[in-house]
Amino acid sequence: MSTTTPAGTTATTDATTVVGTPLTFEEKRHARNLGIAYIVLAGITMIFLTGHSGTATFNLDAGRSFGLPAQPLAWFVAASLAVVAGIQLWRGFGKWTNVVLAMASLLIFMSFLAWAAAGREFSFIGMLASAVTFSTPLIFGACAGIMCERSGVVNIAIEGLLLNGAFTSAFVGSLASGWPGMGPKSGFWVGVLAAMITSALFAWLLAWLAIRFKVDQVIVGFFINFFVLGLTSFLSSRVLTENPDYNDTPTLGAWKIPLLERIPVLGQILFRQTVFVYGAYVLVVVFTWFLFRTKWGLRTRAVGEHPRAADTLGVNVLRLRYRNVIMAGAIAGFGGAWWTATLGRFNENITNGRGFIALAVVIVGRWHPVGALSAALLFGLFDSVADKLSLLNTGLPSEFIKMTPYLMTIVVVAGFVGRSRGPKAAGQPYESQ
Amino acid sequence: MTAATVDGSPAAAPEQKPKLVAFFDRIDAYNNLLLPVLAIVSALIVGAFIIGLTDIDRLKEGDIGGILTTIKDAYVALPTGALGSLRGISETIVSATPLILAGLCFAVAARSGLFNIGATGQMFAGGMASVWVGFTMDGPGIVQVPLALLAGIVAGGLWGGIVGLLKARTGAHEVITTIMTNYIAGLLTLWLLKTEAFQQPGKDNPVSKTVSDKGRLPELFFWSDDPSLRAHWGFLVALAGAVFMWWLFERSKIGFELRTFGSNADAARYAGMKPATLTTLAMFIAGGLAGLGGATQIIGTQGYATESFAGSIGFDAIAVALLGRNKPVGIVFAAFLFGILEAGGRKMQLETDIPLDVVLVLRALIVLFIAAPALTRLIWRLKSEGSTSVLQFRGWGA
Amino acid sequence: MELELRGITKRFPGVVANDDVNLRVRGGEVLALVGENGAGKSTLMNVLYGLYKADEGEILIDGVPQHFTSPRDAIAAGIGMVHQHFMLVPVFTVAENVVMGVEPTSLGGIKLDLATAREQVRTISEQYGMHLDPDAVIEDMPVGLQQRVEIIKVLFRHAKIVVFDEPTAVLTPQEIDDFFVIVESLKADGKGIVFITHKLREAIKVADRIEVLRRGKTVGDADPKTVKDTELAEMMVGRPVDLVVDKAQHDPGDVVLELTDFTVRDPSGRVLVDHVDLQVRAGEIVGIAGVQGNGQTELVDALVGLRRVADGTVHLVGQDITVANPRDMHRHGVAHIPEDRQREGIVKDFDITENLALTGYYAPPLSTGLTIDWKAARTTAEHLVEQFDIRTPSVDTGVGTLSGGNQQKVIVARELSRDLQLAIACQPTRGIDVGSIEYIHERIVALRDAGVAVLVVSTELDEVMALADRVVVMYRGKVVADLPRASTNHNEVGLYMAGAKESAA
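Residue numbers (my numbering), protein chains in the order written: chain B, 9 to 441; chain G, 27 to 424; chain V, 1216 to 1720.
Note that these hints are calculated values from the structure, not bench results. Think of the CB as a built atom: it goes at the ideal place given N, C-alpha and C, for glycine as much as any other residue. Wrong hints could be hidden among the right ones.
Looking from chain G toward chain V, a few residues come up when the C-beta cut is under 8 angstroms (computed) [stated by the list, open to error]:
#1 Lys86
#2 Gly88
#3 Asp89
#4 Ser278
#5 Lys279
#6 Ala297
So that you can see chain B by itself, here it is in the shape it has in the complex (with noise of 0.2 angstroms):
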């Protein structure tokens, strides 16, 4: 249950003593749990032995593939979930838990894509390549999210963000190209700056009512994806559809990174992308290290922390905020441009919720740029499969292959996989006297 107990200082005292085994209470509770869940996920799995059977032709790269034949590879991954729910219910894995856990569901996803694509052939490469690419404007979103809650300002408003930056970006960019001196490319990149700068300024105006009207920081959020969702429509309705000028950018093609996009496999993947892509994963890069061994990472932490303990210190606790908060709408801007990139024009509501996915991201990711990277690939990865499974007509609902995300973020957020903690003081407004 959650408290608004302010961050207090009533640490155990050692006037207690640890008796017993290792393992707490919770933990075995969890184990169990555990282990019912893989008895279950094998029950699951059975159903991949009906219907569909043959063998599942995956395409690689340069013309390589494999096979999978689909009804001998569920019998294995049931009869090796059952070993190991055995297992887990037995002593459990210890520290191999998660390994285990992440090996298992591995194993169904491939048994259920030969299910899926028995008797036929399947872009395997592609369907990684675009998770990938599904996956970008969720680790910018992610991170502007990670951003903010490390230094405690609850920000609901990505969504708001991203798609003030798909806007902005299609309508300067567009705007740009025709400037003196400018083509459609630079006009883009114009376009790209001017997405940071006003979605930098709805997160100033996200942070200015939160700390300077405490307001609470929900609901700011809620009236800045109200606003912005209700202001780019009605540009959209009222500029952009009169003025089809207004509303056109090139798309951004792949930048194939040399040697490095000539790596088996991975070359596809990762390397031959747009440089949306490797901003993500630089961002991603760099933010962990600041984050963590800088004296700006510092300070942000005991911020979103225990905000008094920094203010007694002389940490500008507001001034801090702030800046965090800017930045992050500067980066959620540059992650709304995707859209752009990718389509060359801006459609009414484009980010299509994916503002509320990103944070979803960002409690899944455990409020760590990595822990966001591997989530937002994994949301990225299911986009993907209900994309490509639409086109093998399996049967299967393809809104039953979109609900997982949801569903996997419910069980997370459930502490079914492990608890995830957030900054304590998110959400909290602070005053300084």
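Assemble the complex: chain B is given as a structure, and chains G and V must be docked to it using the hints.
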């Protein structure tokens, strides 16, 4: 570190106040009337700027007078479109009905300390349940209609209750889980509408079978033959919902428990209330109200289900609840205001060339000025007066 | 270095927290600032530390007026503060907490240089004999060590004046002694010390000079060598204070509450209350003494049903109530004044009527069927406000606007105003004014005289000694002593609290 305390002086003899002043005191005129009115006026002013600044053609010509005329026309069209005719009033009511119920949904949860963003999903659940009752049964209306509404309440309640149960059992934060259950409900609805059981025969697009005539909510303006007067008894259902909420929080034991839990969960536990039950119950009641909203939308307004019958109502309802300060009467008025914007906005779109989307902007601005009373006070140079925050996010917790 | 506060006045809406306060402290001197809760000590120190801005008056260092707008300024001027509630980030290490704000860096001021930070922390720690591991994580450390981290934080910033705000409140007697040793070494090093406390004995023991604050004003100073604690108490409160509670001879009846082999664990299985046996008889006050964090809180929580009892049984007048929940306890006539008033005892957004109905709303006369009879509740509330001397304009007033003492009276009125078998009072007078303390003590004694069994839990030894007929001491989750009040004294109980002594309880 509470600095200001009332260092108690024995109660002074209450002075006799004029009746009218006493009345305004009782309803807290400052917070419940003055601030909302100022918020709406502020929003309209900002909205006027947005309309003016996007009138690119006239801006290029420097036709300020023309711009002002456009703004005037728009702001005249809004109220006349919504209230200038019986049809307009009917449309306003049609828009307001689900907003009231979804707004009550958010407010019930909010006063129990929960951020329920899940009205959309709960409306889907309720609407789908009621449409199923609606097209499988064929009267009599006196049985079928209440049954369909009940199905809506139960389905919406269960859909919300799951979230409450998850929160109670595992601490999963409702902001995240409701966002997720919204998507899941939307996808389930889409899938259901393509199944044989639901889909209207002979259609390719996801549209449900039609609710039988006897299963529809009766028309509100039953004396008129005008088929364009769509308002239905769902409005009365919504008002009943508001009365229910008033009773719940002001009179009932459960409501007192929910309020206590919402204000101070530790105190609730201390006082012998059961937080897990209350969390689940709050979400069940909230979901039930939203589900009822979905049901009125189906067996009242539409007569069949589409993949988007909940539209953005669930989200607009958050704005409605905030504007109504989470009080039933406030919510009814706020929903009416939003209904006016919606119904009037359509007329505005026809008469001027200003898109309906401007209504979204106005709503957002109203929310802003309501949620940030300090900002509104600053703009209007008002003295500060205690205004309680509507809701406080409690951190992601665990 | 010399610090002087001259004519400091700080007003809050409706309250003057500091009224023309004058203070002076030199290097190598310990000044004790005493005053009861709400006297304005904390406000004054927040003004000094740049957290509040004074409405009038000035702060001078070596005669030069200072203008502090944030703690940064105060730190720069050589002022350090050890807050009552520690200002430590629980998930950070000692070194990270110490250097925050003045981090050693590399790479042009960007990269955090933790190696240097660790070294610097280790140096200071050894210099004052504090023995701290720079890499220990705060949330895993005992409170006494956390306080040392706070002290190192201050020294790391080269403070010349160190302010301690109620530093001993959370420490064991042993830790308090260690703390005084550290204070001495700081003094010997030429630091000026301001020691804020409401514990008069400690002020007399450690200070060179004592300044008394009452209702926001400095009302005089005293020489600790000559002053008596009763004189100080009188200066503090403004009238003669009876430090002793008047009680008639007690006459215990049958056993009302009986704990047998009572054990509580935390979710990870650690033992918090260790096989406790305890009896409380009718017409008897049993006081549980002990330093904060020795299992008292958990004992009461488990007893009233807010926590699970891991082992053992609870009997109330012979009936097994081990698995009872708070509602059952209420029905059984058990009153519970919770330890943390603001967190559990009241709902700040509610008015007095609602708060007075908080625990009894579910049953007649306040409710029938599904609804609550608010008219009846209001009448009852008006009656209780009068009976318990709750100072408020009306019963419709929000409890959040009342003073701490009146909030506590609301809780006491609610809990003690019905037919009871057992009353459990935790920290019944924490953080409230002397008038309310005396009143609440009287009420508790009256309850006992009426034949109710009373269990008082307090970390204030004075309170336990004043109220209890029998003193039970808890240490590390165990009952280490069970002594009749008449045959024990402060000293003996203090030794048990410190774990220095263990009897066959």
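Consistency of the hints with the structure:
1. Lys86: 48 angstroms, violated
2. Gly88: 48 angstroms, violated
3. Asp89: 51 angstroms, violated
4. Ser278: Cβ of Ser278/G sits 5 angstroms from chain V, so the hint holds.
5. Lys279: 6 angstroms, holds
6. Ala297: 5 angstroms, holds
Comparing the model with each earlier hint shows violations of hints 1, 2, 3; every other hint is respected.
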